[in-house]
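Heads up: the sequence lines are chains F and U, in that order. Residues 110 to 403, numbered by our numbering, are exactly what the first sequence covers, in order. Residues 2 to 236, numbered by our numbering, are exactly what the second sequence covers, in order.
Treat the hints loosely; a few may be bogus.
With the Cβ distance kept under 10 Å, some of the chain U side facing chain F (calculated, not the full set) [to be verified]: (1) Glu27; (2) Ser52; (3) Gly53; (4) Arg69; (5) Gly71; (6) Ser74; (7) Val75; (8) Lys77; (9) Ala81; (10) Gly88; (11) Gly102; (12) Arg148.
Label pairs and their calculated CB-CB ranges [stated by the list, open to error]: (13) Phe267(F) <-> Gly59(U): 40 to 46 Å; (14) Gly59(U) <-> Val176(F): 20 to 26 Å; (15) Gly129(U) <-> Phe267(F): 18 to 24 Å; (16) Ser221(U) <-> Phe267(F): 49 to 55 Å; (17) Arg106(U) <-> Leu202(F): 37 to 43 Å; (18) Arg172(U) <-> Arg203(F): 21 to 27 Å; (19) Asp226(U) <-> Phe267(F): 54 to 60 Å; (20) Phe267(F) <-> Ala116(U): 25 to 31 Å.
If you are wondering where the hints come from, they were derived from the structure by calculation, not from laboratory data. The model shown is predicted, which means the values in this text are computed figures rather than measured ones. All C-beta atoms, glycine included, are put in the ideal place defined by N, C-alpha and C.
In case you want the letters, here they are:
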Amino acid sequence: MADFVQQVVSGLASGGVYGSLALALVLIHRATGVINFAQGEMATFSTYILWTLTANHGWSYWPAFVVTLLVSFAGGIGIHELVIRPVERGSVLRIVIVTIGLLLLINGAMTWIWTGEVRYVQGPFPTRTIDIGGVAISLQDIGTIAVSIGTVGLLWLFFQFTRVGLAMRAAAVNPAEARLVGVRVTWMLGLGWGLAAVLGAVSGMLTAPSTILDPSMMQVVLIYAFAAAVLGGIDSPVGAVVGGLLIGVGLNLLGAYVDFIGSSLQLPAALAIILVVLMVRPAGIFGRREVKKV
Amino acid sequence: MSALLELKGVEARYGPVQALRGVTLEVPEGSIVAVLGANGAGKTTALRAVSGTVRRTGEILFAGKPLRGGPESVAKAGIAHVPEGRGTFTELSVLENLKLGAYTRRDRDLTSDMARMAEYFPWISERGGQRAGTLSGGEQQMLALARALMGRPRLLMLDEPSLGLAPMIVREIFRIVRELNEKNGLTVLVVEQDARIALDVAASAYVLEVGRVVVSGPSSEMREDEAVRRSYLGY
Numbered sequence: 110m111a112d113f114v115q116q117v118v119s120g121l122a123s124g125g126v127y128g129s130l131a132l133a134l135v136l137i138h139r140a141t142g143v144i145n146f147a148q149g150e151m152a153t154f155s156t157y158i159l160w161t162l163t164a165n166h167g168w169s170y171w172p173a174f175v176v177t178l179l180v181s182f183a184g185g186i187g188i189h190e191l192v193i194r195p196v197e198r199g200s201v202l203r204i205v206i207v208t209i210g211l212l213l214l215i216n217g218a219m220t221w222i223w224t225g226e227v228r229y230v231q232g233p234f235p236t237r238t239i240d241i242g243g244v245a246i247s248l249q250d251i252g253t254i255a256v257s258i259g260t261v262g263l264l265w266l267f268f269q270f271t272r273v274g275l276a277m278r279a280a281a282v283n284p285a286e287a288r289l290v291g292v293r294v295t296w297m298l299g300l301g302w303g304l305a306a307v308l309g310a311v312s313g314m315l316t317a318p319s320t321i322l323d324p325s326m327m328q329v330v331l332i333y334a335f336a337a338a339v340l341g342g343i344d345s346p347v348g349a350v351v352g353g354l355l356i357g358v359g360l361n362l363l364g365a366y367v368d369f370i371g372s373s374l375q376l377p378a379a380l381a382i383i384l385v386v387l388m389v390r391p392a393g394i395f396g397r398r399e400v401k402k403v
Numbered sequence: 002m003s004a005l006l007e008l009k010g011v012e013a014r015y016g017p018v019q020a021l022r023g024v025t026l027e028v029p030e031g032s033i034v035a036v037l038g039a040n041g042a043g044k045t046t047a048l049r050a051v052s053g054t055v056r057r058t059g060e061i062l063f064a065g066k067p068l069r070g071g072p073e074s075v076a077k078a079g080i081a082h083v084p085e086g087r088g089t090f091t092e093l094s095v096l097e098n099l100k101l102g103a104y105t106r107r108d109r110d111l112t113s114d115m116a117r118m119a120e121y122f123p124w125i126s127e128r129g130g131q132r133a134g135t136l137s138g139g140e141q142q143m144l145a146l147a148r149a150l151m152g153r154p155r156l157l158m159l160d161e162p163s164l165g166l167a168p169m170i171v172r173e174i175f176r177i178v179r180e181l182n183e184k185n186g187l188t189v190l191v192v193e194q195d196a197r198i199a200l201d202v203a204a205s206a207y208v209l210e211v212g213r214v215v216v217s218g219p220s221s222e223m224r225e226d227e228a229v230r231r232s233y234l235g236y
């Protein structure tokens, strides 16, 4: 039983990371109608900024964390302005190809700036465990869950209770109408890219301490995030987070208790989830089914 | 009365189709003006030319100054455009729709405006949390109107408010528009296919045919003129 609870908690920790990145995908999908394939590389890039500040410049973790978020926010807006906006009115395929190009570009830039050498990011949370009701829970897991859920919660408050958050939602659901009430839709889209970059940065920075930092660090995480977003419903922010937690816990339990899956078949399991959801319930758990009138 | 809105020789096209062929019209401050005509006459395009949602040439003056820029700038200048087919954010709540109506306002205190809307549309106060898409057609039209008013516009533009609604609801909507005009001096430009009800509330009217103004004048004269009624207004 204790082992099971441990597996669930560590699943929730990875799930929080998948959920944050999945939410980033959903934000951009709602506003732009495409999957941003560069989301993972953007997150890795942010993590390198954190590494540079902490390891090279001797910053302590949390100031570096905050500065990384700010830089990522500006970077997300910049990417939208320079790369996405020129093709935004084009076909979905065009935007998708641009995001794939962006993936390659950022990946190359990281290798160029930081070399492909592996780096280690020291996490902000102690690696020891504490005893909760006879179960040893890792403090790092608890911290990861708190930070990812906290970030998502803050974002929810922003969308729900601020004027700009409301304008962003309006711009996403009905851009033409939003312009009529005076919302600058292009600015809102840029802001969406900025916030998505922030979410990605959080997921990258939370991933790094438990793995190694190299330019492809987030590529696998991005697949899990895809699975999370598809499972929850690609247009549902709540779905992305719930989907992330489900995928995190589910894969962790599968890995721990189903012998043949172990740790090596988790990725195929995630792909299987994507496939099954798309076949059985394409709108995902929380997504509304698209009704097309003929 | 000076003109709040003036169109001079306005032309607009959708691809190869010319929708407006030199429209000139005037909306005096504090009045209700109707634009009438059959389907495809260019009525909707005339409003869209004003709100900047269609490319146009020619001159449009608002409060004596040339109107420029896209719909965001036009909204900020004080023109509220309620487009054809309700124009609400169906996925957002009634309250959120109203808040968005006040988006361009600098003062953020909406309490008195919310109270005013609840006076005109009593159902709004009980159903603020409801998703706009689940409202009836009439309620959505009223919400679209209320949302436009939340911005305290100098000019309200309504596109076919009667479309697809029961006569009783149409009368109620036009009654409110008239009241807003009489009590608060709100200037209104309304596009309607239902000429009879539009002429009832409007002080003057323009009839469009294939993108041109063919008849214009005070509503009373239009109503009396049998030839105009028959050939252009269809009643």
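Hints versus structure:
no. : hint                                : in the structure
1   : Glu27                               : violated, 23 Å
2   : Ser52                               : holds, 6 Å
3   : Gly53                               : holds, 9 Å
4   : Arg69                               : violated, 15 Å
5   : Gly71                               : holds, 7 Å
6   : Ser74                               : holds, 8 Å
7   : Val75                               : holds, 8 Å
8   : Lys77                               : holds, 5 Å
9   : Ala81                               : holds, 8 Å
10  : Gly88                               : holds, 6 Å
11  : Gly102                              : holds, 6 Å
12  : Arg148                              : holds, 7 Å
13  : Phe267(F) <-> Gly59(U): 40 to 46 Å  : holds, 43 Å
14  : Gly59(U) <-> Val176(F): 20 to 26 Å  : violated, 52 Å
15  : Gly129(U) <-> Phe267(F): 18 to 24 Å : holds, 21 Å
16  : Ser221(U) <-> Phe267(F): 49 to 55 Å : holds, 54 Å
17  : Arg106(U) <-> Leu202(F): 37 to 43 Å : holds, 40 Å
18  : Arg172(U) <-> Arg203(F): 21 to 27 Å : violated, 49 Å
19  : Asp226(U) <-> Phe267(F): 54 to 60 Å : holds, 58 Å
20  : Phe267(F) <-> Ala116(U): 25 to 31 Å : holds, 27 Å
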